[in-house]
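Visitor: Sequence:
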Amino acid sequence: LNVLGNGQQRKSYLYVQDCLDGILTAVEQSKSRVNLLNLGTDEYCDVRQSISWICEELDLSPDIRFGNGERGWVGDNPFIYLDTQAARSLGWQPKLTIQQAVTRTVRYLQAHPELIGQDDAV
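Heads up, the final residue of the sequence shown is numbered 934 in the numbering used here, and it's a clean run with no missing numbers.
The set of hints was computed from the structure by calculation and includes no laboratory data. Treat each hint with caution, since some may be false.
Using C-beta positions, here's what the derived DEER-type ranges look like [what the hints assert, rightly or not]: (1) Ile928 / Leu832: 38 to 44 Å; (2) Val886 / Val839: 30 to 36 Å; (3) Leu836 / Thr909: 31 to 37 Å; (4) Ile928 / Val846: 22 to 28 Å; (5) His924 / Gly881: 17 to 23 Å; (6) Tyr893 / Ile835: 16 to 22 Å; (7) Gly887 / Leu832: 34 to 40 Å; (8) Leu816 / Leu836: 17 to 23 Å.
We put the CB at the ideal spot given by N, CA and C, even for glycine.
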């Protein structure tokens, strides 16, 4: 497994249903015509952690090779952690932790192989 960057990049992944729930909450609850809201969890993980969760779920033990540097690709932000207070003030909060979101996504993709390109197949 070739990983872009050193694997220490920190990310705050969000499950797609939590994202959709956040958008719907904003539409239904906000009194403003224009809203700028961040949606995210109160936690973050590093890329190495997310790799371990995915590998555990798939029962894989690949050789992992990390790249150099703190950025995974041009434009990558090595630390993403959003202030979600505005969305939370409307009553929204994510239902899943980052680990639960990653694991559930892997399970969904396993159940729907047609969504994975042949070059991406696991």
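Visitor: All hints are to be evaluated individually against the structure, with a verdict given for each.
Guide: Against the structure, the hints:
no. : hint                        : verdict
1   : Ile928 / Leu832: 38 to 44 Å : violated (21 Å)
2   : Val886 / Val839: 30 to 36 Å : holds (34 Å)
3   : Leu836 / Thr909: 31 to 37 Å : violated (21 Å)
4   : Ile928 / Val846: 22 to 28 Å : violated (37 Å)
5   : His924 / Gly881: 17 to 23 Å : violated (34 Å)
6   : Tyr893 / Ile835: 16 to 22 Å : holds (20 Å)
7   : Gly887 / Leu832: 34 to 40 Å : violated (26 Å)
8   : Leu816 / Leu836: 17 to 23 Å : violated (33 Å)
In summary, the numbered hints that this structure violates are 1, 3, 4, 5, 7 and 8.
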